[in-house]
Amino acid sequence: MKKIAVSVTVNGRQREALIAPRMLLSDFVRQELELPGTHVGCEHGVCGSCNVIVDGKAVRSCLMFAVQAEGSQITTVEGFSADGELHPIQTAFWEEHGLQCGFCTPGMLASAKELLDANPDPTDDEIREAISGNLCRCTGYEFIINAIRSAAKTLRDTENKKTLQPA
Amino acid sequence: MKPAAFEYECPTDLKAALAFLDADTETRILAGGQSLVPMMNFRMATPERLIDINRLPDLDYVREEDGDIVIGALARHGDIKASELIAEHLPVVAEAYEWIAHAAVRNRGTLCGNLCHADPASEMPAVMQVLGARMVASRLSGSRQIAAEDFFLGTYETALEPDEMLTEVRIPKPEPNSSWGFEEVAMRKGDYAWCTVVVMLSVEDGKIRQPRIAVSGISDHAHRLGATEAGLEGRAPDTALLEELAQSAAQDADPIGTETANSEYRRDLLRVLMPRVLQAAIDRAGE
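Those sequence lines, one after another, are chains A and B. Per the working numbering, residue 1 is the first one in the first sequence, and the count goes up by one each step. Per the working numbering, residue 1 is the first one in the second sequence, and the count goes up by one each step.
Don't take every hint at face value.
What the hints assert, rightly or not - Partial list, derived from the structure: chain B residues whose beta carbon lies under 10 Å from chain A:
1. M1
2. E7
3. P11
4. L14
5. G32
6. G33
7. P38
8. N41
9. F42
10. D52
11. N54
12. R55
13. N107
Said to hold, decoys possible - Derived DSS-like pairs: lysine-lysine, alpha-carbon spacing no greater than 25 Å straight-line:
14. B:K81 x A:K3
15. A:K153 x A:K57
16. A:K2 x B:K15
17. B:K207 x A:K57
18. B:K189 x A:K57
19. B:K81 x B:K189
20. B:K2 x A:K2
21. B:K207 x B:K81
22. B:K207 x B:K173
23. A:K57 x B:K173
No wet-lab data here; the hints were simulated from the structure. Even glycine gets a Cβ: it sits at the ideal position worked out from N, Cα and C.
All chains, please: the whole structure from these sequences, using the hints.
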């Protein structure tokens with residue numbers, strides 16, 4: 001089958017490749033772009049481990065063909081931290097024990113980021129709803145909910161400090 | 001768990017997309033991909049060619065037109081769920097979306113794609129039938145409308161011809177006095193239903209009028225329950241009546257079974273959920 005040229009921005013960096021149409025976005029980021037932080041669990045859209053952010057929205061990267069991402073802005077877990085500093089959501093997962101084996105974490109982070117970008121002060125029910133499509137077999141979810149609640153507070157406090165600073 | 005190879009086309013106008021359907025090559029339309037891609041990953045679907053419609057202009061809409069709420073082929077579940085037009089005119093659709101999939105799936109999945117997939121345990125095929133929706137099937141030579149109850153034929157099977165595409169769904173705005181109910185049981189919130197029961201009805205002068213009731217997860221496709229509707233029409237709402245009708249609907253059903261929810265369990269769900277969903281609609285009508 002004919003290969004197709006695809007050009008996407010991943011974690012702020014322009015990336016180009018010539019790929020088969022059947023290549024899933026999850027395989028594209030892991031194999032072509034060598035960003036293995038995105039985890040592939042069930043590969044049929046049930047577990048949420050492969051969630052990445054495409055144009056601001058969390059999507060299952062195993063249910064999207066990479067050719068469909070042409071022109072898109074993609075954020076994978078590798079794009080969360082900047083200059084070796086963890087993102088506040090990652091820090092909160094660390095501090096609140098929001099992970100044990102860590103397999104589901106990249107997907108959880110994508111779902112959490114989408115939630116907090118749209119809703120800076122979610123209720124616990126809203127957090128549960130946001131991660132209802134992400135399976136975790138270690139934590140029992142409670143610590144993940146604590147982590148997202150804590151991250152929301154940190155992000156709000158940072159935002160408030162910014163607004164209070166004189167221009 | 002990798003899809004088989006296929007040819008990929010990404011047309012930028014509808015005519016070009018429809019032209020691809022008019023050929024011998026086994027072709028499938030790719031909209032949100034949230035049902036088709038899993039099927040391809042499992043190789044239960046191995047189309048020779050995919051027509052990606054995501055770059056077609058003017059198909060992503062929810063709008064009011066001639067007394068209908070019209071939903072375009074690229075309207076995503078998430079946008080329909082959040083639509084003010086839907087909240088105002090079709091609260092049963094908004095409620096159903098509380099049960100449908102998860103945020104990341106709703107971000108890409110489309111209503112039209114979901115209907116074309118025709119999963120026997122999918123909620124929207126039942127919802128569209130109680131609402132009296134019409135499916136607009138387009139081909140190069142023109143378009144036709146198919147009533148929702150004639151659209152779903154079996155598991156993954158619809159009335160669409162191979163050269164047709166579902167371009168929009170037209171849902172008549174319910175009468176102002178009409179009421180609704182929706183109940184479901186699934187293994188995990190957002191998963192496919194073990195049993196969904198959805199109803200539209202009105203109550204006039206203490207009598208049930210124009211009841212429409214449909215189920216998903218019970219047989220090979222969502223369908224209306226004609227006998228239950230006939231048993232409700234013109235009757236006064238009464239707990240014993242609802243239970244009696246549920247009992248006989250459950251007896252008449254020949255539910256599908258899976259390893260997580262066998263046939264007898266689904267029959268039981270139908271018997272339990274039906275009075276609940278009818279009572280909710282009746283209570284709402286009194287508000």
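Cross-check of the supplied hints:
1. M1: 4 Å, holds
2. E7: 6 Å, holds
3. P11: With a closest approach of 13 Å, the P11 (chain B) hint is violated.
4. L14: Constraint on L14 (chain B) not satisfied, violated at 18 Å.
5. G32: 8 Å, holds
6. G33: 5 Å, holds
7. P38: 4 Å, holds
8. N41: Holds, about 5 Å.
9. F42: 6 Å, holds
10. D52: 6 Å, holds
11. N54: 6 Å, holds
12. R55: 9 Å, holds
13. N107: Holds - the Cβ of N107 (chain B) comes within 10 Å of chain A, reaching about 4 Å at its closest.
14. B:K81 x A:K3: Violated. K81 (chain B) to K3 (chain A) sits at ~37 Å, over the 25 Å cutoff.
15. A:K153 x A:K57: 21 Å, holds
16. A:K2 x B:K15: Roughly 23 Å separates the two Cα atoms, so the pair holds.
17. B:K207 x A:K57: Violated, at about 47 Å.
18. B:K189 x A:K57: 21 Å, holds
19. B:K81 x B:K189: 16 Å, holds
20. B:K2 x A:K2: With Cα atoms ~17 Å apart, K2 (chain B) and K2 (chain A) stay inside 25 Å; holds.
21. B:K207 x B:K81: With a Cα-Cα distance of about 32 Å, the restraint between K207 (chain B) and K81 (chain B) is violated, given a limit of 25 Å.
22. B:K207 x B:K173: Distance ~22 Å between K207 (chain B) and K173 (chain B) Cα, so the pair holds.
23. A:K57 x B:K173: 31 Å, violated
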